[in-house]
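Trainee: Sequence:
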Amino acid sequence: MANKYSLSRIIRLPRRLSLREAKNEQRENEWHALERLFKKLYDSSDSVIPADLLQSLPINLQPLDLETDDIPNTDRFFRPWSVVKLETHVRSTEVTEANEDVAVVESILKDDTPRYKAMGGCKTWEWASELCYRLMWEVAVAPRKGTEGDLQTIKTVYGWRCLPYLPDDYRFQPWLCSQQGSWYPKYYFYIPGNSPHIKICMYHNADGVSGQILREELLAMLAAMISRLGQNKFRKHLIIPVCTPNIFSQLMLFSFVGKQHGRIFLAHFDGKGLVVRMSELYPFMAGEEDFHQNLFLFTRYLAGEIDPRGETTRFRHI
Numbered sequence: 001m002a003n004k005y006s007l008s009r010i011i012r013l014p015r016r017l018s019l020r021e022a023k024n025e026q027r028e029n030e031w032h033a034l035e036r037l038f039k040k041l042y043d044s045s046d047s048v049i050p051a052d053l054l055q056s057l058p059i060n061l062q063p064l065d066l067e068t069d070d071i072p073n074t075d076r077f078f079r080p081w082s083v084v085k086l087e088t089h090v091r092s093t094e095v096t097e098a099n100e101d102v103a104v105v106e107s108i109l110k111d112d113t114p115r116y117k118a119m120g121g122c123k124t125w126e127w128a129s130e131l132c133y134r135l136m137w138e139v140a141v142a143p144r145k146g147t148e149g150d151l152q153t154i155k156t157v158y159g160w161r162c163l164p165y166l167p168d169d170y171r172f173q174p175w176l177c178s179q180q181g182s183w184y185p186k187y188y189f190y191i192p193g194n195s196p197h198i199k200i201c202m203y204h205n206a207d208g209v210s211g212q213i214l215r216e217e218l219l220a221m222l223a224a225m226i227s228r229l230g231q232n233k234f235r236k237h238l239i240i241p242v243c244t245p246n247i248f249s250q251l252m253l254f255s256f257v258g259k260q261h262g263r264i265f266l267a268h269f270d271g272k273g274l275v276v277r278m279s280e281l282y283p284f285m286a287g288e289e290d291f292h293q294n295l296f297l298f299t300r301y302l303a304g305e306i307d308p309r310g311e312t313t314r315f316r317h318i
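For the sequence shown, the residue numbers in our numbering are 1 to 318.
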């Protein structure tokens, strides 16, 4: 029996090696494709990508409906929290340093603090940066009911970690830091271990236009994807999921832009090009009726879990 088992393993070995080599080759091809795309966008100087350049790039831009969540199962890498789930973990109203801190942030966003008035107001990117912080606060700082002592955060309970720089790889960081006066990926959310999924909160000083993606939003996505694909611990993964709320391969990006708007992107590389799903722009005017409604929606996505239906290790015959 032992000999038969050993023989069967030997027979299967060439097939395993062949598949491993094919995966490694595909992974390397995707890495180089993402680098080429990054360079083309890096060499372009305009935040608003010219239509002819965008059409020439391997980018498949699709709409993202945050309310219906109608993404194909094969492309589901993140699962937003339901309304009910987030409502069971409402913010604790206990007087804490964290709750006092967010009250100051909302005063800043309303532009009614003496410090900001003395400065003559706030630059566009600074507003967007504060919005970025405000969203991060909901998941990484705010004490929540239903947790231990009603004092734990969503991030702590559900395993996400938050860093102010790109995890694991610092090659991009000096260049990213040099952009802080206009745009910047301010926070990265990831789960320690071998999961390649990543969420990014970024800000931008440009005004967002509905249906039009900004060059820097794409650069932030690509930098994270290239960085994650290059890590040895993610070698078995062919897809880096990124979720980016941009206050403004799978990735989630939250992007916040000028005129106090934000949107969410989902992105992954499908072997042929970058697939980007982009939501509409949502207003984030502090003091307005829909501010907390939209913040609640974005928090559901930032708090969301990894969706096992989106397989990041699958080999695609392309």
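Hints are computed from structural coordinates only; laboratory data are not their basis.
Each hint should be verified, as a subset may be incorrect.
As the list claims (entries may be wrong) - Distance windows between CB atoms, simulated:
#1 E305 x M285: 36 to 46 Å
#2 R171 x I191: 19 to 29 Å
#3 R171 x H292: 36 to 46 Å
#4 R36 x D169: 46 to 56 Å
What the hints assert, rightly or not - Capping the alpha-carbon separation at 25 Å, the derived lysine-lysine pairs in DSS-like fashion look like this:
#5 K272 x K39
#6 K155 x K85
#7 K145 x K85
#8 K155 x K145
#9 K259 x K40
#10 K272 x K110
We treat Cβ as the ideally placed atom computed from N, Cα and C, and that holds for glycine.
Trainee: Compare the structure with each hint and give your call.
Mentor: Taking the hints in turn, this is what the structure says about them:
1. At roughly 30 Å, the beta-carbon separation of E305 and M285 lies outside the given 36 to 46 Å, and the hint is violated.
2. Between R171 and I191 the beta carbons are some 22 Å apart, a value that agrees with the proposed interval 19 to 29 Å.
3. Checked against the hint of 36 to 46 Å, the C-beta distance between R171 and H292 comes to roughly 39 Å, which is consistent with it.
4. Evaluation of the 46 to 56 Å hint for R36 and D169 yields a failure: the beta carbon distance comes to about 19 Å.
5. The hinted pair formed by K272 and K39 meets the criterion: a straight-line CA distance of about 17 Å does not exceed 25 Å.
6. Distance restraint check for K155 and K85: the Cα-Cα separation of roughly 14 Å lies within the 25 Å cut-off, and the hinted pair is therefore satisfied.
7. Note on K145 and K85: the hinted pairing holds, with a Cα-Cα distance of about 11 Å set against a maximum of 25 Å.
8. Between K155 and K145, the direct Cα distance comes to roughly 13 Å. Compliance with the 25 Å bound is thereby established for this hinted pair.
9. As the CA atoms of K259 and K40 are separated by approximately 28 Å, the hinted pair breaks the 25 Å bound.
10. A hinted pair counts as satisfied when its Cα atoms are at most 25 Å apart, and K272 with K110 does not qualify at roughly 44 Å.
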